[in-house]
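**Student:** Residue-level listing of the chains:
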Amino acid sequence: MHKLLTDKPGEKMLLLGNEAIARGAIEAGVAFASTYPGTPSSELSLNFFQMSRESDLYFEYSTNEKVAMEVSAAAANAGVRSMCVMKHVGLNVAADALMTLAYVGVKGGMVVLTADDPFMFSSQNEQDNRYYAKLSGLPMLEPSSVQEAKEMVGYAFDLSEKLKEPVLFRTTTRINHSSGIVKLGKIRKRITKGDFIKDPLNLVTVPAVSRKLHVKLLKNYDSAMQLAESSTYNFVEGDGGWGIVCNGVGYNYVSDAVEELQIEDRVRVLRVGFSHPLPPKLIKDFLGRCEKVLVVEEGEPYLEEAVKALAQEKGLTLPIAGKAPELFSRLYEYNPAQVRTNLAAYFGVPHESPALPDLSDLPEIPQRPPTLCAGCSHRATFYEVRKAAEGLETIYPTDIGCYTLGLLPPLSSADFLICMGSSVGTSGGFSKVTDKKVIAFIGDSTFFHSGIPGLINAVFNNHNFTLVILDNGTTAMTGHQPHPGVDMQQLQMDGFGRVSIEAVVRAVGVPHVTVVKPYKVKKSIEAIRAAIDFEGVSVIISQETCALYAKSLKLARRKPFEVTDKCRNHRDCMDNLACPAFYVWNERIKIDPNLCTGCAVCAQICPENAILPRKEKKVTA
Amino acid sequence: MKTTRLIIVAVGGQGNLLASSVLGEAALMADIPLQMSEIHGMAQRGGVVESALIFGNARSTIIADGEADILVGFEPAETLRALNRCNTDTVVITNLAPLMPFTVNIGKGVYPDLKQLQNLIRAKTAKLIAFNAAKLAEKAGNPLAVNMVLLGALIQTGVLPLETDQVKEAMQHKTKPAFLASNLKAFELGYTAAAKAA
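Protein chains in written order, with this note's numbering: chain A, 1 to 621; chain B, 1 to 198.
Some clues are possibly wrong.
Stated by the list, open to error - Pairs of lysine-lysine, DSSO-like flavour, derived with a Cα cap of 27 angstroms:
#1 A:LYS566 to B:LYS108
#2 B:LYS176 to A:LYS387
#3 A:LYS554 to B:LYS176
#4 B:LYS174 to A:LYS554
#5 A:LYS183 to B:LYS168
#6 A:LYS212 to A:LYS107
#7 B:LYS168 to A:LYS8
#8 B:LYS176 to A:LYS183
#9 B:LYS176 to A:LYS12
#10 B:LYS174 to A:LYS12
Claimed, not checked - Some chain A residues flagged as far from chain B (calculated, every beta-carbon gap over 12 angstroms):
#11 THR6
#12 VAL146
#13 LYS186
#14 VAL206
#15 ASP285
#16 LYS292
#17 GLN312
#18 PHE416
#19 ASN457
#20 CYS606
Stated by the list, open to error - Chain A side only, calculated, beta carbon under 10 angstroms to chain B, not exhaustive:
#21 MET13
#22 SER145
#23 VAL249
#24 TYR251
#25 LEU327
#26 SER329
#27 GLU333
#28 GLN338
#29 HIS351
#30 ALA355
#31 LEU356
#32 PRO370
#33 ALA578
#34 PRO580
#35 TYR583
#36 VAL584
Hint data in this document are derived by calculation from the structure and do not stem from the laboratory.
As the structure is a computational prediction, the values presented were derived from the model and not from experiment.
Heads up, the beta-carbon is just placed ideally off N, CA and C, and yes, glycines get one too.
My request is simple: use the sequences and hints to build the entire structure.
**Tutor:** Take a look at the structure:
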């Protein structure tokens with residue numbers, strides 16, 4: 001049985017934040033869940049996926065976050081407890097649905113989880129999604145620990161059902177990917193079937209209807225504010241005059257710093273956990289008892305600005321600081337030492353940090369950046385595109401996935417990236433205003449997510465570029481989740497449709513479409529050259545199963561290759577491919593047979609044909 | 001309980017996360033408060049994986065630079081790279097078997113000299129325990145058990161509030177039964193190696 005379905009209330013487990021949240025949802029009786037994979041939320045949806053295989057929980061990987069939000073919104077409007085999970089930028093994609101869903105509301109509880117990523121460990125920005133609560137008017141909860149995250153999910157569902165509107169649940173990477181000891185609770189029975197009652201004058205958002213729904217939203221806002229005033233998730237610790245307002249993981253750093261600086265009796269800490277609407281009475285009362293206040297929040301001054309406005313309303317002029325050059329930045333994540341140092345400086349507490357070693361005499365340590373796996377089909381495709389485009393001035397708009405690692409030399413096949421699907425959209429703009437050859441790269445999952453409208457646009461508005469769809473049969477970077485083009489039979493899963501990328505591309509009316517097998521170097525280069533030469537929209541679909549995915553599925557392994565004595569040290573292989581299976585031994589390139597997947601791409605580009613299938617060494621007596 | 005901060009650095013695939021989950025399980029069974037955090041994601045693609053374990057009542061789940069009480073490096077260059085997480089009182093344990101970064105393989109970097117590396121670490125921290133954990137893992141019958149060898153060394157130092165029995169029981173819960181015997185042997189060999197180096 002899946003460990004998160006364990007029916008043993010009171011038992012303790014060490015769980016990842018994402019696991020704790022999934023467990024919290026199960027305890028709250030979640031019956032319907034949807035997602036598009038996005039780090040740091042990926043393990044949450046993975047656990048839902050696994051549990052849905054052995055229970056009556058419904059879970060789906062939706063095409064993108066907007067669709068994920070829509071399917072959950074419908075289930076919730078039919079009275080079923082639903083949860084929609086995404087990373088912070090994913091909420092941008094779902095925002096159109098969220099903003100008006102806030103007006104329409106739900107019948108069964110609906111929790112929207114936004115997993116923010118300060119320091120952008122694995123994201124293209126570090127936007128602060130607390131503002132979505134402000135923008136939408138919806139309530140928001142933010143846990144500070146793994147155990148609290150689990151408990152808060154249940155409260156979020158109850159709150160959602162009480163107000164009949166979705167509730168935002170905001171985490172950061174350090175909650176999702178931290179582990180802590182969690183006590184299991186009782187599991188509420190799942191109600192998986194709902195019903196839809198016709199009520200168009202409350203559910204179809206034409207202007208006349210929306211005008212009255214907005215009034216309802218504002219009434220909910222007032223109700224939520226009252227609940228925030230008395231919520232146990234907004235609490236004060238200490239009764240000193242030094243006020244500290246904090247949220248999320250910042251509270252942990254503040255808590256530890258206060259203890260280490262031994263100022264427990266000097267401070268008054270307000271931890272905000274029900275963070276939209278903010279509780280004005282509670283905050284004003286808190287401010288009234290402080291001499292000066294420090295706001296500790298990663299990201300934007302969301303709390304700071306609200307606290308300052310409330311101080312003004314109450315006629316208070318005490319110093320309130322948060323973001324400042326000598327204090328906290330909007331950039332990146334915080335750490336315990338930095339919070340302690342800033343606290344000490346702001347409140348004038350003497351303190352000493354531990355003696356740090358002098359590291360100025362360390363030799364330069366070689367970098368260990370992440371790189372495409374040995375045998376990755378993207379490496380082959382990038383090589384082939386660059387070869388086909390030799391002599392041309394190019395622009396390579398790229399997209400979000402493993403293949404973004406093609407940015408690094410020697411592949412150097414990425415020039416512009418802003419969001420999911422931007423490879424296709426931006427290609428249209430680049431091709432209209434420049435004379436350079438535009439060759440865009442997009443992955444299979446990303447293509448389904450948001451590449452199709454850009455391609456339709458290109459056909460309709462008569463753009464001129466080549467789109468290379470890197471189809472490796474999975475959503476690789478986030479952990480090999482399925483998408484609509486994946487062969488689910490290979491995963492022994494029935495009941496799924498399958499959408500063909502080639503069929504979609506042809507149906508869009510793209511005039512020049514070719515499917516290539518990237519491990520066949522010469523043929524691929526020829527096909528890509530023809531696509532590049534074509535005036536208009538051309539698509540190359542480069543199809544080969546992800547090497548890592550194939551390994552996990554235990555598909556038939558190819559035999560590794562080796563560099564033979566025919567090698568004349570041209571280094572074409574290293575200079576053009578730099579496969580991580582290569583290493584240098586006695587000034588010659590060698591191949592590590594434990595890493596080599598036998599894709600044979602290097603063998604095809606060696607000018608001496610010196611790379612051949614590895615011969616099994618004969619064992620001599 | 002005094003707070004003890006442990007950082008483990010490794011190359012993706014060396015089993016950092018498994019070692020961390022064994023320690024976490026041991027703490028859970030011993031009723032020792034624990035926070036843990038990991039940076040995932042690039043492990044499969046050859047990058048560095050760092051995990052932080054904080055034993056005691058601290059609430060923070062991450063460890064600031066200069067605040068590690070103990071640093072365990074599964075790979076020597078990564079141990080050196082992680083020195084900024086240490087202070088002059090930190091105890092350091094490192095494997096001495098290198099895993100060449102691919103930047104070295106393509107001639108874009110020079111791997112540090114192992115003798116110099118050890119001297120530098122010794123000079124800047126309280127104590128260094130260094131040995132070839134890969135050889136010991138082979139001896140134990142499982143070349144992938146470098147993580148268990150280093151767990152043994154870690155427990156031998158006595159810096160963590162965990163006993164050998166507790167960790168061995170956690171290994172039974174968290175590691176594959178087929179590998180338990182070799183993992184336990186690996187742990188023993190690491191323990192002995194650390195005792196010798198002391």
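**Student:** Please list, smallest to largest, the hint numbers that this structure does not respect.
**Tutor:** Violated hints (numbers, rising): 2, 12, 25, 26, 29; every other hint is consistent with the structure.
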